[in-house]
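Visitor: For the record, the sequence lines run as chains A and B.
Mapping of the first sequence onto the working numbering: residues 1 to 204, in sequence order.
Mapping of the second sequence onto the working numbering: residues 1 to 444, in sequence order.
You can take every hint at face value.
With a cut-off of at most 20 Å between alpha-carbon atoms, the simulated SDA-like pairs for lysine to any residue come out as follows:
1) K145(A) with N426(B)
2) K128(A) with P151(A)
3) K29(A) with I221(B)
4) K160(B) with D418(B)
5) K55(A) with E412(B)
6) K338(B) with E352(B)
7) K201(A) with K160(B)
8) K118(B) with A194(A)
9) K182(A) with E202(A)
10) K414(B) with L48(A)
11) K118(B) with A191(A)
Source of the hints: derived by calculation from the structure; they are not laboratory data.
Residues per chain are reported as follows:
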Amino acid sequence: MNTATLVAAIAPGGAATPQESIAAIKTYKFGDSTAPLRGVEGQVTGSLGNPEARKAIAAALAGLLASDATRDAKIFACRQLSVCGGAENVPALAALLTAISTSDMARIALERIPGAEADAALIDALGKADDKSKIGIVNSLGVRKTASAVPAIAPLLKSKDPLLAEAAAAALGHIGGADATKALKGRMNKAARATAASTLKEQK
Amino acid sequence: MSETKGKPEAARLGRRDFLRRTAMASAVVAAPMIIPATALGKGGRPAPSNRITMGCIGVGSQGTGNMQGFLKSPEAQIVSVCDVDRDHRDNAANIVNKVYGDTGCKAYHDFREMLERKDLDTIALALPDHWHSIPSIAAARKGLDIYGEKPLALTINEGKAIVDAVQSNNIVWQTGSWQRSQAHFLQAAELVRNGMIGEIHTVKVGLPTGRPIETQKEEPIPDGFDYDFWLGPAPEAPYTKQRCHWNWRWILDYSGGQLTDWIGHHGDIANWGMGTEHTGPVAVEGKGIFPDDGLWNAATSYLIECTFAPGASPVAPKGFKMILSNLFPMGTRFEGEKGMVFCDRGNRLTTEPANLATHQFGPNDKRLKKSDNHAQDFFTCVRSRELTVAPVVPAYRAISLGLLANISMQLERKIVWDPTAETFPNDDEANRKLQRAMRSPWHI
Numbered sequence: 001m002n003t004a005t006l007v008a009a010i011a012p013g014g015a016a017t018p019q020e021s022i023a024a025i026k027t028y029k030f031g032d033s034t035a036p037l038r039g040v041e042g043q044v045t046g047s048l049g050n051p052e053a054r055k056a057i058a059a060a061l062a063g064l065l066a067s068d069a070t071r072d073a074k075i076f077a078c079r080q081l082s083v084c085g086g087a088e089n090v091p092a093l094a095a096l097l098t099a100i101s102t103s104d105m106a107r108i109a110l111e112r113i114p115g116a117e118a119d120a121a122l123i124d125a126l127g128k129a130d131d132k133s134k135i136g137i138v139n140s141l142g143v144r145k146t147a148s149a150v151p152a153i154a155p156l157l158k159s160k161d162p163l164l165a166e167a168a169a170a171a172l173g174h175i176g177g178a179d180a181t182k183a184l185k186g187r188m189n190k191a192a193r194a195t196a197a198s199t200l201k202e203q204k
Numbered sequence: 001m002s003e004t005k006g007k008p009e010a011a012r013l014g015r016r017d018f019l020r021r022t023a024m025a026s027a028v029v030a031a032p033m034i035i036p037a038t039a040l041g042k043g044g045r046p047a048p049s050n051r052i053t054m055g056c057i058g059v060g061s062q063g064t065g066n067m068q069g070f071l072k073s074p075e076a077q078i079v080s081v082c083d084v085d086r087d088h089r090d091n092a093a094n095i096v097n098k099v100y101g102d103t104g105c106k107a108y109h110d111f112r113e114m115l116e117r118k119d120l121d122t123i124a125l126a127l128p129d130h131w132h133s134i135p136s137i138a139a140a141r142k143g144l145d146i147y148g149e150k151p152l153a154l155t156i157n158e159g160k161a162i163v164d165a166v167q168s169n170n171i172v173w174q175t176g177s178w179q180r181s182q183a184h185f186l187q188a189a190e191l192v193r194n195g196m197i198g199e200i201h202t203v204k205v206g207l208p209t210g211r212p213i214e215t216q217k218e219e220p221i222p223d224g225f226d227y228d229f230w231l232g233p234a235p236e237a238p239y240t241k242q243r244c245h246w247n248w249r250w251i252l253d254y255s256g257g258q259l260t261d262w263i264g265h266h267g268d269i270a271n272w273g274m275g276t277e278h279t280g281p282v283a284v285e286g287k288g289i290f291p292d293d294g295l296w297n298a299a300t301s302y303l304i305e306c307t308f309a310p311g312a313s314p315v316a317p318k319g320f321k322m323i324l325s326n327l328f329p330m331g332t333r334f335e336g337e338k339g340m341v342f343c344d345r346g347n348r349l350t351t352e353p354a355n356l357a358t359h360q361f362g363p364n365d366k367r368l369k370k371s372d373n374h375a376q377d378f379f380t381c382v383r384s385r386e387l388t389v390a391p392v393v394p395a396y397r398a399i400s401l402g403l404l405a406n407i408s409m410q411l412e413r414k415i416v417w418d419p420t421a422e423t424f425p426n427d428d429e430a431n432r433k434l435q436r437a438m439r440s441p442w443h444i
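Work out the full structure, taking the sequences as your base and the hints as a guide.
Guide: The following block contains the structure:
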């Protein structure tokens, strides 16, 4: 299928199903026409407000993550799942969380998907990921203000990795609450102290 | 210039007091020659210890232009510049050292290293939007006053975090919304604020049209350009020239197109005139045309209607509409029940009735802060600890208009906004767009 045919197929009123549109972007690489991507974006936006349509396109995007699609296509899929993904798509994203090469792309979506399933996936990955991936995961839990993550994040304040310890302090500051505050007033890596003090100061 | 020793925050608080006291002393003894000339620097400049030191982060085209403006201030001393592009930082350091006639300005690759200097009073930021929040917050936490380029932030939540850090640390912030330091924009805002054209029903904000670019190929990263650092918190992406310097504005990973580039000027003036600098709309409905192919993906044409609630503005008791579009003439047009005020660059001020343009305000009129030199206003406020003419909260409320507009256009529907809670009530689809995941290890 050439680009023109594809664009015609996925244009508004076109006949392409989500599976067909997404199959067509499986080989996308930077430098190719972005028109097919914009077509999928349009389908994602169009699916919002229609739970069945949203689930269908999200499932197709999640399926692409486990396929032999290009890296650029998978990153695009994660971006779209940040808009339309739901709890049912969390396992496909969680599978990418612990590997340093894919952790950041998974968080593009997971950080935004509401609900306990995404929280649980991020907390679970903290025990499995390398330190650099952990930094990103901690950051996402902080942005999500996941209070249930405090017991998993607090020990990281003492990490020997200064970036991880500092990220833990920032995340606990975002989460707030009694448990996070208690942790921020406790012992920690020297690298985290300034951030801990600042976050406590900025808490409202 | 020697570096202050001791704990940075405590030292800087002491430094703030010193700058304030010397400003007061200068005011008292300005005319008589009580301060011996030998205590002053060359050319009538303040003594080195009494100059406001500055580090410039981001010295591309905009940052270098700003820096050259700061160099004209006799009371400022630029001690460092920072950029991830070697050519930019070397060029900037050379400019500074040539002006000062020495080699005292140090060039840094990493802003974190520069912020460890103990001799900094202020920083100036002119970075791509995706890099606004992290160094702003880091600098504020170190007690540094900030001159920051508009728009304030890439996302709503990053904007809120900047405001929190600035306010919690009592930072003096000046946004690069320099139109506020021009007399005709002030006149326009004061006419509106004083009810000279009656109750306002509509404000039209004219902004530029965007344009697309064809698909680009991956290119070799130029020698001396730390592209990974440039990407920073943004998602990984192959290097191509049209992604980076200047043109990042047209890509949604780094900015929001002409809309967010200019909302900090004409949208800011709209809020200034309406007195809505500390609040926002309750609903936004935008329609935009986005490129259907190519690298740049921000809206090129757009029409956005922002609804402000009754009472949000002191001059619109029944509420008003603020409309943002590239279809209007560039500038800000206030429409009231008794007349109209339009202002734009080039000293353009048009009013109905026409005589309002030269109206002289009296002592009982509502006056706004006057500044005729944007950089000098910043330095004056660094000493006085007063609010600048373009403080951080108005900057946040101005970019909020652009960010809300982009969210509405992307969702292709009207969005309801709570300007107090700063969230979308019962709207998970929109609330997802309040922030973006930052690439590890970056965070705020």
